[in-house]
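Student: Protein chains in written order, with my numbering: chain P, 10 to 396; chain L, 6 to 388.
Don't read these hints as lab results, they were simulated from the structure.
Hints are supplied without guarantee of correctness; some may be wrong.
Listed next, with one range per pair, are the computed distances between beta-carbon atoms [claimed, not checked]:
hint	chain 1	residue 1	chain 2	residue 2	range
1	P	Ser237	L	Glu235	31 to 41 Å
2	P	Lys255	L	Trp94	37 to 47 Å
3	P	Pro13	L	Lys257	49 to 59 Å
4	P	Gly361	L	Gly85	48 to 58 Å
5	L	Ser302	P	Ile303	42 to 52 Å
Think of the CB as a built atom: it goes at the ideal place given N, C-alpha and C, for glycine as much as any other residue.
This is what each chain is made of:
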Amino acid sequence: MAIPISYNIRNLKLRKGLTIMTALGIALTVTTAVFLMALLAGLKKAFMASGDPVNVLVMRKGSTAELSGGFDANLFPTLRTLPGIAKDAQGDPIASGEWVVVVVLPRKDGTGEVNVSVRGLMPAGLTLRPNARLIEGRWFTPGQREVVVGNSIHNRFSGANVGDNLDFAKGQWKVVGVFDSGGTAYDSEIWGDVNQIAADFDRQGGYASVYLRATDPVAADALKHRVSDDQRLKLEGTLETEYYEKQTSSGGAIKFIGTFVAIIMAIGSSFAAMNTMYAAVAYRAREIATLRIIGFSRPSILTSFVIEALLLSLLGAIVGIVLILPFNGVTTGIGNQLTFSETVFSLHLTWGVAMAAVIFAMIMGLLGGFAPAWHAARQDILTSLRA
Amino acid sequence: MTLTRFVTKSAFRNRRRSLLTVLSITFSLLLLTLMMTIWHAFYIDKGDAESAQRLITRHRVSLTEWLPGFYREKIRTIPGVVAVVPNSWFGGIYKDEKPENFFAQFGTDPDEIFKIFTDFSMPADQLLAWQRDRAGVIVDDQLAQKYGWKLGDRIVLKGTIYPVDLELTIRGIYTGPQPTNSVYFNQKYVEEAVPGAKGKAGTFDILADSPDNVPKVAAAVDAMFRNAPEPTKTESEKAFQLSFINSIGNVKVFILSICFAVVFATLLVSATTMAMSIRERTREVAVLKTLGFTRQSILRLYIGEAVLVALTGGALGCLLALGLISALSHAPGMSLFLSGMKVTPPTLLLAIFVAGMVGLLSAILPAYHAAKLDIVEGLRYIG
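Let's have the full structure, built from the sequences with the hints guiding it.
Tutor: In structure tokens form, the structure reads like this:
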């Protein structure tokens, strides 16, 4: 027969101080782990949401990022007339030749300089990114030294308000608008007219990338293959979603350090939990012997103490998750290995992260609780009663 | 029995508990020492003497813009400059795109690079062979070990920035002061294949005649090109490297919050143990008092006990950290930032001090209660 769980809950309540301290220790470990997992979840969200499944990104064969190299502008008309490209209201194909360059801007809070991506695009480039909405001002005018800035840039850098001038490349750029693309990587970019940007960075006569908007996801896939398979073009098509998926790898360093830190802290916390559970067993030696005499079997004693350890760690997990709640949605930036510039994303506490945290805590509880529970179940009844 | 011996005996009388507490503190302090070492390497260490004499010049707009190659000879005329060499990031793919197969590849000038990287060593005949073979490459010894490269082997780097695949022959294997995870080849080889790359350089590495002249040289270089179409930004090698670390995110806050969490968790563990062990000995305390021990001496006994346990854990943690860091920093293929990291004596002292403080703080409250205990009540106490 199993020992009721209420017995364990009452025991935890009885030794309040000890329970709270041990649970807090586990909670701190869980908080650290959750913090890192939420960072990674937020990063993934920022990049996953950036891609549009009907957009095809065309780059020179061999290029891994929009930043590396470019190709001749003469190829643009060929790309533009490929079948399967959606048409805008005027009946023109939605295709945009673009440049991405990196500039250094000082942070608003004065904590140093950060690399920022500047994207030069054609007016069609705005049409094929419908999730980028203006929240202030207007879009840039082609042929003018005007830029619009992403929401994260607007918030994090000085001189990024409508009416301000940003100083990069060969002079001043007037900020005429702020756009929001719903927390995606575009929010960390500055957009301007492609010809103006190319001229300022001495890159006329070519494009780093061409974006094509297909009529539907199937046409996008066909378009991608058509571009890649054409031997004369020497170009390669990628779905925009695939391109951004690859960029999530920039979280690699956080992932490595995070796993390392979480494991070491978990080992420390397991030892602490083990201590608490051994004390609980020692304290209740006579009680356990009595339970045995009443007729509870060794396995049920073992199970009962393991459950108590698991309850303790569950409490720790809940406290740990609650501790991280105020940080949910806090934004931070991360350097991207492919674009060399900073992408801003927010800490994102998902159900998956919370579940992983609970499982993580349970493992700690199990590691810490099993040996003491084993010890409790193996105790000699007579010696314990005499103690 | 002396008091020290009494403290030692009582600290370890419940062997299992003391062992678990010590281990728990050990792992926390291991993490704390690691974090402090990283902090030290990033923000306090000025780099070795050779590195402190080097500067890196890049395009003011960003690292991804090219500088004209003729800047090299102009920089050379600046007083205090001993040598200048161009370094261009190739960013090619070796074998496949997997991150473990990534290493840095630079196009440079074989005739002058070893005058600047004075802390690199390579046999003279290998240097000569490299200088004579335009399609030659020299590789880091750790990297050579990782891939099993030997002199005369051919490697292919698939270009991503440049539309060319480089076929290179290994002419030399160099040893840096720490693993560099890099290979160097002649930039002229790239320029021959890609006409657009001619007369351009990614960055310039400069050797100044003394570390004291570094800020002056940096200012002079930037002043020289201030009104040129391609303005420059020059900084010390250390500052240049730090800008990469800063791009990962707010590393300072990151490290500090981990340290804080670790110390607080250790404090909780230690306090729990002390509370348990002092409560168990309520009767003993009463006996000690009956024997004439004053409040102060009882307070001191228990605090000493906690500090002893915490210090043992701290010392073990420091030892583990020492071993782990020396293993990590010598492992081939470790990221560039962790390589060459050393635990310094001040870091160790600080870690031990933190451990001692944790022991002290954790014992104050339970020890105070014990010292205040009423003798008669304590004797009646039945656990």
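Student: Lysine 255(P) and tryptophan 94(L), beta-carbon distance inside 37 to 47 Å?
Tutor: For lysine 255(P) and tryptophan 94(L) the Cβ distance comes to about 19 Å; the hint is violated.
Student: Okay, glycine 361(P) versus glycine 85(L) on CB: inside 48 to 58 Å?
Tutor: Since the Cβ atoms of glycine 361(P) and glycine 85(L) sit about 57 Å apart, the hinted range of 48 to 58 Å holds.
Student: Given the range 31 to 41 Å, decide if the beta-carbon distance of serine 237(P) to glutamate 235(L) lies inside it.
Tutor: Check passed, 35 Å falls within 31 to 41 Å.
Student: So the hint says 49 to 59 Å: do the beta-carbon atoms of proline 13(P) and lysine 257(L) match that?
Tutor: holds (50 Å)
Student: Could you tell me whether the CB distance from serine 302(L) to isoleucine 303(P) stays inside 42 to 52 Å?
Tutor: With a Cβ separation near 46 Å, serine 302(L) and isoleucine 303(P) satisfy 42 to 52 Å, so the hint holds.
This entry does not satisfy hint 2, going by the numbered hints stated previously; all others are met.
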